[in-house]
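Asks: Okay, here's what each chain looks like letter by letter:
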Amino acid sequence: MLNIGVLQEGFVLDHIEAGKSMEIYNYLNLNKFDCCVAIIKNARSNKMGKKDIIKIECSIDAIDLEVLGFIDHNITVNIIKDDKIVEKKRLSLPKEIKNVAKCHNPRCITSTEQELDHIFVLTDPRKEIYRCKYCEEKYRRKKL
Amino acid sequence: MRHLMSPLDFSVEELDQLLDLASDIEKHPEKYAHACDGKKLATLFYEPSTRTRLSFEAAMMNLGGNIFGFSSAESSSAAKGESVSDTIRMISCYADICAMRHPKEGAPMVASAVSSIPVINAGDGGHQHPTQTLTDLLTIRSLKGRLDNLTIGLCGDLKFGRTVHSLVRALARYKNITFIFISPEELKIPSYIKEDVLEAQGIPYQESERIEDVMPDLDILYMTRVQQERFFNEADYIRLKDFYILNNKKMKLAKEDMIVMHPLPRVNEISVEVDKDPRAAYFRQVQYGVYVRMALILTLLEVNLC
Numbered sequence: 000m001l002n003i004g005v006l007q008e009g010f011v012l013d014h015i016e017a018g019k020s021m022e023i024y025n026y027l028n029l030n031k032f033d034c035c036v037a038i039i040k041n042a043r044s045n046k047m048g049k050k051d052i053i054k055i056e057c058s059i060d061a062i063d064l065e066v067l068g069f070i071d072h073n074i075t076v077n078i079i080k081d082d083k084i085v086e087k088k089r090l091s092l093p094k095e096i097k098n099v100a101k102c103h104n105p106r107c108i109t110s111t112e113q114e115l116d117h118i119f120v121l122t123d124p125r126k127e128i129y130r131c132k133y134c135e136e137k138y139r140r141k142k143l
Numbered sequence: 000m001r002h003l004m005s006p007l008d009f010s011v012e013e014l015d016q017l018l019d020l021a022s023d024i025e026k027h028p029e030k031y032a033h034a035c036d037g038k039k040l041a042t043l044f045y046e047p048s049t050r051t052r053l054s055f056e057a058a059m060m061n062l063g064g065n066i067f068g069f070s071s072a073e074s075s076s077a078a079k080g081e082s083v084s085d086t087i088r089m090i091s092c093y094a095d096i097c098a099m100r101h102p103k104e105g106a107p108m109v110a111s112a113v114s115s116i117p118v119i120n121a122g123d124g125g126h127q128h129p130t131q132t133l134t135d136l137l138t139i140r141s142l143k144g145r146l147d148n149l150t151i152g153l154c155g156d157l158k159f160g161r162t163v164h165s166l167v168r169a170l171a172r173y174k175n176i177t178f179i180f181i182s183p184e185e186l187k188i189p190s191y192i193k194e195d196v197l198e199a200q201g202i203p204y205q206e207s208e209r210i211e212d213v214m215p216d217l218d219i220l221y222m223t224r225v226q227q228e229r230f231f232n233e234a235d236y237i238r239l240k241d242f243y244i245l246n247n248k249k250m251k252l253a254k255e256d257m258i259v260m261h262p263l264p265r266v267n268e269i270s271v272e273v274d275k276d277p278r279a280a281y282f283r284q285v286q287y288g289v290y291v292r293m294a295l296i297l298t299l300l301e302v303n304l305c
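Chains as they are written, first to last, in numbering that gives the first Met the number 0: chain A, 0 to 143; chain B, 0 to 305.
Bear in mind the hints are in silico, worked out from the structure with no lab data behind them.
Each hint should be verified, as a subset may be incorrect.
Unchecked claim - To give a feel for the contact side, a few chain B residues facing chain A, derived at Cβ under 8 angstroms:
id	residue
1	28
2	78
3	83
4	103
5	105
6	113
7	125
8	126
9	148
10	149
11	218
C-beta: ideal position from N, C-alpha, C; glycine also.
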């Protein structure tokens with residue numbers, strides 16, 4: 000496998016669905032970080048066949064990982080400190096997400112009042128359904 | 000301080016207390032005639048709604064309180080671009096409680112987040128209309144004597160009709176309720192109501208296109224209007240608006256103690272000849288709407304007469 004050097008401190012996001020790494024990059028606003036980021040696409044995986052990996056060299060407090068659980072809770076987050084994996088974090092579905100996705104219901108109050116936060120609440124953890132806090136419109140992933 | 004955004008904001012026990020209070024108001028209106036002396040209700044109606052607004056205003060006046068407000072967005076500062084949040088902050092300085100109707104879904108919730116007075120959702124787009132549901136529950140409990148062990152037929156626009164969605168969710172909390180959904184294919188009840196509310200709780204329901212087939216089984220027939228304002232296509236509206244017309248011939252198929260309800264306004268879906276039938280409950284329903292709004296105002300203002 001292609002090897003990208005070790006991290007002193009930061010995250011390795013593993014088991015990203017192949018081809019989705021740029022999406023994750025954008026969600027985490029990594030373009031705004033002045034740190035070293037490596038994106039590995041289509042890496043071989045015994046479990047998934049192919050997968051993407053993102054390595055981010057930054058302080059471990061710098062990134063809010065809650066949102067990752069909403070995007071894809073199958074991603075494994077390895078937290079690296081002093082060149083070692085100090086924690087392997089499994090993600091769960093966050094109860095609420097703020098300003099990650101937009102409500103696309105034209106009748107929702109967020110469509111006219113621009114200053115409002117776009118908030119989605121987890122209403123059915125089993126079916127992984129999120130609904131807009133204001134109008135209860137179901138969140139549809141493809142519209143992100 | 001509490002607000003009312005959805006009929007499910009109240010637990011079944013709290014709902015029982017509210018309906019008990021409404022029934023007491025019906026029996027002893029004089030006892031409550033000065034319960035809100037000196038209090039003010041603001042009716043913030045960003046879209047026209049004669050019935051709901053007048054019902055709120057009548058409710059507050061029956062309690063001895065005062066009312067003020069606006070009845071369209073054009074006559075409010077929204078026309079100048081003021082946000083809902085700013086409007087409610089301003090109204091909070093003038094009134095003790097407010098009822099808000101808004102075409103945008105979730106607007107009353109936005110208001111409640113910054114308001115220092117109780118906010119009642121008086122209808123937000125196609126989303127919620129909790130005081131109509133409270134009205135329906137009081138009507139059923141008063142005229143049928145119970146909110147459990149009922150077969151209720153909901154007829155007409157079950158797709159866009161928010162009163163139907165709210166009523167199904169509210170009645171689903173009571174025992175032995177059977178729902179019969181009567182609608183044309185294009186206006187069927189949304190699948191999320193069937194899956195998330197009924198099937199998830201094992202509540203029985205059936206669907207029918209013909210009202211005549213199910214009429215003998217019903218304890219309650221809840222008629223709805225096909226709402227022109229929910230259609231983007233005029234041709235679809237014209238094709239579907241007269242799909243069901245309840246008349247005396249169809250009423251002959253019903254039980255003697257069945258009641259016919261309707262959130263009003265009706266257009267053609269209930270023939271005027273049915274008005275004389277003692278089972279027609281839709282105008283009594285309007286009166287129950289005033290009682291339940293009186294009870295709601297008292298509850299949210301925490302007015303205790305004892």
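Asks: Hints first: check each against the structure and report whether it holds.
Replies: Status of each hint after checking the structure:
no., hint, verdict
1, 28, "violated (37 angstroms)"
2, 78, "violated (13 angstroms)"
3, 83, "holds (6 angstroms)"
4, 103, "holds (4 angstroms)"
5, 105, "holds (2 angstroms)"
6, 113, "violated (11 angstroms)"
7, 125, "holds (6 angstroms)"
8, 126, "holds (6 angstroms)"
9, 148, "violated (29 angstroms)"
10, 149, "violated (26 angstroms)"
11, 218, "violated (29 angstroms)"
Going through the hint list in order, the structure does not satisfy hints 1, 2, 6, 9, 10, 11.
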